[in-house]
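J.: Below, each chain spelled out in residue letters.
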Amino acid sequence: MRRRFVRTLALAAVAAFAIASSAPGPGPRDVVAETVDDVLAVLKDASLTPEARRERIVEIAYERFDFPTMSKLVLAKYWKRFDPAQREAFLKEFKDFLAHRYGDRIDRYEQERVEIVGERSAKGGDSIIETRIHRPRAESVAVDYRLRSSGGDWRVIDVKIEGISLVSNYRDQFHEVLSHGGPDKLLAQLRERNAGRGGEES
Amino acid sequence: MRRVPRPWRAALFAGLVACALAPSAPARAQVGPPELAAAAAIDGTGDPGPWDPWEPFNRPVFAFNDFLSRWALEPLGRGWAFVVPEFARNAISRVYLNVRTPGVMVNDLLQGKPRAAGVDLARFLLNSSIGLAGLLDPGTAIGLEANREDFGQTFGVWGIPPGPYLVLPFFGPSSPRDAVGRAADAATVPVGWFVPIWATATITTVDLANEFSFVALDIAEERAEAFDWYAAVRNAHVSHRENLVRDRTESEEQADEEDDLYLLEEEMEE
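Protein chains in written order, with this note's numbering: chain R, 1 to 202; chain S, 1001 to 1270.
Since the hints were made in silico from the structure, they are not lab data. Glycine included, every Cβ here is placed at the ideal spot set by N, Cα and C. Mixed in with the good hints, there may be bad ones.
[Unchecked claim] Pair ranges (Cβ atoms, derived): (1) S:ARG1070 <-> R:GLU139: 39 to 45 Å; (2) S:ILE1142 <-> R:GLY118: 53 to 59 Å; (3) R:ASP153 <-> S:LEU1135: 48 to 54 Å.
[As the list claims (entries may be wrong)] If you want the footprint, here are the derived chain R segments under chain S, 3+ residues with CB under 8 Å: (4) 60-68; (5) 164-177.
[Stated by the list, open to error] Listed next, the in silico SDA-like pairs over lysine to any residue satisfying Cα-Cα at most 20 Å (straight line): (6) R:LYS92 <-> R:GLY152; (7) R:LYS44 <-> R:ARG108; (8) R:LYS185 <-> S:TRP1051; (9) R:LYS95 <-> R:SER140; (10) R:LYS160 <-> S:ARG1115; (11) R:LYS77 <-> S:ARG1223; (12) R:LYS160 <-> R:LYS185; (13) R:LYS80 <-> S:LEU1263; (14) R:LYS92 <-> R:ARG7; (15) R:LYS80 <-> S:GLU1225; (16) R:LYS95 <-> R:ARG193; (17) R:LYS77 <-> S:ASP1260; (18) R:LYS95 <-> S:TRP1051; (19) R:LYS160 <-> S:GLY1118; (20) R:LYS185 <-> S:ASP1260; (21) R:LYS95 <-> S:ASN1090; (22) R:LYS185 <-> S:ALA1226; (23) R:LYS77 <-> S:GLU1225; (24) R:LYS123 <-> R:LYS92; (25) R:LYS185 <-> S:LEU1264; (26) R:LYS77 <-> R:LEU166; (27) R:LYS92 <-> S:ALA1226; (28) R:LYS44 <-> R:SER140; (29) R:LYS160 <-> S:ILE1160; (30) R:LYS160 <-> S:THR1188.
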């Protein structure tokens, strides 16, 4: 009787410990650290062709970015003008497009080392992780990641390179398109862009 | 300031090369996604949408500049990259950077950053002498990293807002504040005071060719991927300038204002 009680207690303790240690999951800093490590590993892998390299970065973005949130932020007030089918289509095309743009831009820098230089919290419970790409023969580049947590799962919702935000930049551009055309025009342009890349991943 | 018109004359003299950022060439120097910074323009506010009341004027000027960039400067840059090896282009860049260092120093001081001014002074002395007029960069090697400051940023640090986005012919994206700053910057690069106009034109041309050699392909790629190239450059320019003014350390207020970009509207939540 007593033995069983002790065993139960021990089990409960183990379970509690397991839950306690797994519940917080990786924090925003860990997510960014993993992301930049993965990117760096890809960029340094000499066996990859340039195309394969970018595709690998795209996969990394797929894993760590919160595309539904990014889509809403980019469309902002126009989100309401998209019907459910258009939203779904936008999400799919924009995900493909944005991941490639991130890949193109990051692939541009010869990276020696990436340093996480700061971490701060921002409005809405977001977290901003500041990184610096150190380059062998040129000045370092500041890349800031903004992350948002949903259910303890931190994902990237924006990337700023030297102060230039992916979300804000495409928001301005898309709003120009949307104010002259409509959702369908923007979707058509996105599809064209993605198809032009030749790859039909995702 | 009386000297300011000189870069203009030089630009004309240089013919196609006009796009001259004569005294302003820190285009790339200011880094950034360099392709955008180089092409970039503007000034406005963060998120409530770009502040661009002069868009009807800006768009055609932008189109003109873009035409020059596309058909003169980028080809020039690509050609230069083909002929001049990278290490030499890097060295040339450093010489131009070095020549501008006294101007940066003045702005460090005007912004109340004596420490940065000291670093730039030490760099300038070291790179001008041992560094062979800047061809080499012993300064960075011993931890004296170059600062990037100009009068437009100084005015910003003093609290002067940029004003609306403004695209200048040849000089590219700017703002009323930065346009004035640009003229002041010109006065701090004393080269134009001593050398004849043909030399100024040559110096400007080499600078442009060299700078575009680094960014020509990236500019072309960004242009090809843009949905609205004008809006893309405007956004990049404004964000980049703001970022430079605040030197990457945002004040609470600015951060808050900018944070509104990340709010999801209630209706969007569904």
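J.: Quick check: which numbered hints come out false for this structure?
T.: Hint check: 1, 2, 4, 6, 8, 9, 10, 11, 12, 14, 15, 18, 19, 20, 21, 23, 24, 25, 29, 30 fail, others pass.
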